[in-house]
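**Q** As they're listed, the protein sequences go chains A and B. Residue 131 in the numbering used here is what sits at position 151 of the first sequence, and the numbering runs on without skipping anything. Counting the second sequence from 1 gives a position; the numbering used here is that position plus 295.
I should point out that these hints are in silico values taken from the structure, not numbers from a laboratory. Incorrect hints may have been included.
Now the stretches of chain A that chain B is said to cover, found in silico as 3 or more residues with beta-carbon under 8 Å [said to hold, decoys possible]: (1) 11 to 18; (2) 80 to 91.
Using C-beta positions, here's what the derived DEER-type ranges look like [stated by the list, open to error]: (3) Val165(A) with Pro416(B): 41 to 47 Å; (4) Arg602(B) with Gln167(A): 47 to 53 Å; (5) Gln167(A) with Thr337(B): 43 to 49 Å.
Here are a few chain A residues that sit away from chain B, every Cβ distance over 10 Å (derived from the structure) [unchecked claim]: (6) Gly50; (7) Phe179; (8) Glu212.
Where a beta carbon is used, it is the ideal one built from N, C-alpha and C, also for glycine.
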Amino acid sequence: MSTASTVDSTVEGESDGGSALSDALVVTWRNLKRIPRIPELAIFAILQSVMFVLLFAFVFGGAIPLPGGGSYREFLMPGIFAQTLAFAAATTAIGMVDDMARGLIDRFRSLPMSRSAFLTGRTVSDVVYNLGILIVLMLSGLAVGWRVHEGVARFLAGVGLALLFAYAMSWVGVWLGLLVPTVEVGQQVAFTAIFPLTFLSNAFVPLQTLPGWLQPVADWNPVSAITAAMRELWGNPNPFATNSFPSEHPIILTLIWTALFIAVFAPLGVRRYRATSR
Amino acid sequence: MSSAARSSAPAIVAEGLSKIYKSRSGEVRALDGLDLEVEEGTVLALLGPNGAGKTTTVRILATLLRPDAGRATVLGLDVVTDAQRLRRRIGLSGQYAAVDENLTGRENLWMFGRLYQIASPTARARADELLDQFDLSEAGDRPAKTYSGGMRRRLDLASALIGHPRLLFLDEPTTGLDPRSRIGMWDVIRGLVRQGTTLLLTTQYLEEADALANTIAVVDAGKIIARGTADELKSTVGGERVEVVVHDPAQLGAALRVVSDCCLAEAAVDEHTRRLTAPAAGGATQLVNVIRALDEAGIAIDDVGLRRPTLDDVFLSLTGHAAEQPDAIAATPVAAGRTA
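With the rest of the complex left out, here is chain A (with noise of 0.2 Å):
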């Protein structure tokens, strides 16, 4: 044991909180190791993504006009991102339900590291794992007639704002995984919750054909801000409904709903971390 001593020196030398940065990077490479361990995951999560893209472009491509016109395929891409972005929050869920049943949130409780460290490692590395879905429905959008229109540092900001919104949705899964019991009733609750959040938007149809009273809940539905903002972004058709403060300014309201969701359940879940005692 001639390693101890240094060990523990190392030890009772550093401060006491855990460095929140180093902590948070562990932990996301440990969720993300878990990507290639079991391929299984992410082939059918984008067999999944393709499928999508495929059934919606070929089945409603040719049903759904768009008031003003414009290609449908360009129209929905957008939709199909911010559905499979909007399912990070039950992604999140699942991933924390399974490490509360398996007992490693007690050990990751016992341990001298920042309290908040598991919660964001597992928040970043599933943005992480949502940037490589996204990509592939891109290239499966590309694939059936999807373009973007407005040059690259449109693009890339479109992309970004994307990938703000998934994380703020993976801060609302942080928060339910820690609600349920099981990782059955959080696939339940999360797909409960979220089917109607994507399906009560401008993702596939245009707001225009929802019945009148449906159209103001639709159309300040955090899903429709980040899909219109990214139709605005790239240049993709984007028929407004009214001249409402969403239809106008779908970026700032994507700004403003990710800022609200992370400011409400990030502390929500750090406290619920905290105290769960299962």
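Assemble the complex: chain A is given as a structure, and chain B must be docked to it using the hints.
**A** Below, chain B alone, put in the same frame as chain A:
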């Protein structure tokens, strides 16, 4: 306790710990004013059935849970107000082998080392050292999901040791292991104790407490109800007992009279298993007497024998109710509550 002779404070002091779990079906008082003291460099076993409060005690002392009342210091640090400093000095290994099964053994240890705030190269070296010590070197680069139950437990224990903790909590370290892995685990734990680690372990098995601990504290209904060495506890129950399983339930009454007369004490009856138990002060001679008397009375028996006191006997004697032994009687429903 000869605490006067010791210069250092006890490693663990808990006073009046209480914890109530609220659920839909009502409140469960998991801890009900538990007091505990563990000297530095010793091994204390918390012995008790499922739901007695063993795990809750460990979780509070390891900073995972706040007590509703009472206070505790571990290594001189308060478990609530000094939790983060304390976490650097303790290791916890639970009953659910909490390692990441998608990571290899080596990656698990490195990760936990980093999160103990150990520098990366040092963590890597320490991981190698622990893999070696726990006989996991060959499996070190395989994902932990390919490990056997015993290997996972060893990896879990190694993870708890990554930061050279002065005090180690082991929550039911061998529950669910096959007998061979259990003995292997005992050897590993004994090795740690030889190196001077203070150890608090929980177990449902008197045998395990006997094999590993200097002192045993018996927990029931959220309190310590007895404390002493294994021999002291067994002596509270008395010595060996004779046990008879009667073949015909109708003869149980007659058998009870014969055995009680023979042993000069009222035998305990379990009608369900047709089992009679009575103290056998005379050891083997008494056993022969019981068999002869039963034979003369024409009572057919399925089984007869002498046995040493078990956890059940200690419990029966201390609490008046039997301990649950999940793997002793298959028909007994196991209360597998994680809040135990």
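**Q** Quick check on a hinted range of 41 to 47 Å for Val165(A) and Pro416(B), using CB atoms only.
**A** holds, 43 Å
**Q** Quick check: does the Cβ-Cβ distance between Arg602(B) and Gln167(A) fall within 47 to 53 Å?
**A** holds, 50 Å
**Q** Take a quick look at Glu212(A) and tell me if its Cβ sits farther than 10 Å from every Cβ on chain B, holds or violated.
**A** Glu212(A) clear of chain B: closest Cβ-Cβ about 40 Å, beyond 10 Å.
**Q** Closest CB-CB distance from Phe179(A) to chain B, is it above 10 Å?
**A** holds, 33 Å
**Q** Grab the minimum beta-carbon distance between Gly50(A) and chain B and tell me whether it stays above 10 Å.
**A** holds, 45 Å
**Q** Just to make sure I understand the rule, a stretch counts as covered if three or more of its residues have a C-beta closer than 8 Å to a C-beta of the chain. Does the region 80 to 91 of chain A meet that for chain B?
**A** That given contact holds, which follows from 9 residues of the region 80 to 91 of chain A lying within Cβ reach (below 8 Å) of chain B.
**Q** Verify the CB-CB distance for Gln167(A) and Thr337(B) against the hinted window 43 to 49 Å.
**A** Holds, since Gln167(A) and Thr337(B) (Cβ atoms, about 47 Å apart) stay within the stated range.
**Q** For the region 11 to 18 of chain A, do three or more residues have a beta carbon lying closer than 8 Å to a beta carbon of chain B?
**A** holds (count 4)
Every hint from the earlier list agrees with this structure, and none is contradicted.
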